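J.: Sequence:
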Amino acid sequence: MYKLVALDLDGTLLNRDGNISERNIRAIHKAEDLGVQIVLATGRYYMQTKRILDQLDFKGILVSNDGTATINTVNQALIGEYSFSMEDIAPLIHYCRRHHIHFSLCTAFDVYVEWLEDFQEQQYQVYEITPTIHRDVLSIKEKIMKCTIGDQNKVGGWQEIPLPVPERLRKRIDLEFHREYVHAQSNKTKALIHLIDSLEIKQSEMMAIGDYYNDLDMIEFAGLGIAMGNAPDDLKAIANDVTFSNDEDGVFHAFSKYIF
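Residue numbering for the sequence shown follows my numbering, starting at 1325 and increasing by one per position.
Don't read these hints as lab results, they were simulated from the structure. All values reported here derive from a predicted model rather than from experimental measurement. Incorrect hints may have been included.
In silico SDA-like pairs for lysine to any residue, Cα to Cα no more than 25 Å straight-line [claimed, not checked]:
id, residue 1, residue 2
1, 1465, 1450
2, 1374, 1411
3, 1560, 1497
4, 1327, 1496
5, 1383, 1341
6, 1354, 1496
7, 1467, 1372
8, 1374, 1560
9, 1526, 1398
10, 1354, 1421
11, 1560, 1368
Here are the computed distance ranges between Cβ atoms for each label pair [to be verified]:
id, residue 1, residue 2, range
12, 1401, 1572, 31 to 37 Å
13, 1422, 1456, 41 to 47 Å
14, 1409, 1340, 36 to 42 Å
15, 1447, 1498, 17 to 23 Å
16, 1442, 1487, 23 to 29 Å
17, 1581, 1458, 46 to 52 Å
18, 1568, 1447, 27 to 33 Å
19, 1583, 1499, 33 to 39 Å
20, 1556, 1490, 30 to 36 Å
21, 1487, 1457, 20 to 26 Å
22, 1354, 1565, 16 to 22 Å
23, 1400, 1458, 16 to 22 Å
24, 1357, 1490, 20 to 26 Å
25, 1424, 1583, 29 to 35 Å
We put the beta carbon where it would ideally sit given N, CA and C, even for glycine.
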């Protein structure tokens, strides 16, 4: 029997409307009643998961921001992290200030900005983020999990300039006018490896379900890796099995086949 199931959220547990079906909720609760450890592993920030945690009445482990923070949702304890220091990111912050490029810093539980324009405010509302406006983010004492920069005015020019970012950070997202920097070693799988080691759960006793490329490593790593029906074909090809899509309660069907 599988002792731990790592579940992606968007495109996996959540349907296209961003909600969890009653069948999926019941499946998770039934698995928990059987003693299975459910871990939600998502690219979302902690605050972006609050509505989902409440809907599930979830009392388990959350791997947020693609593995940079592992959180016990019962007591909001940070039990694993891939963070970096303010010193690592300070030169980039100074650059963004000089060129009026919007930036945000994500800690385990919060998102900090120094200023907001209407565009950013609207974007944060869409993505269920409530940022804290801080006069000087460089004075924040919390560990940093991610730095995001965005040139909403699309002035450009900075993309061709070697930005002052140390090698221990990597670009998680690199679009024309938007970049995200995280710890170079961070991903969902590495966070899950640390977690199962601490719980004394074997790799063969872990099941993982996901739908996109940031789930690929954990699907490959798990004793049983399952791709959603809505996943890309090359992700399905590396999975041990393929379940139904996220709009067809694929999580419920996978649990019914392998857990119950």
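J.: Please write out, lowest number first, the hints stated earlier that are contradicted by the structure.
T.: 1, 2, 4, 6, 8, 10, 13, 24, 25
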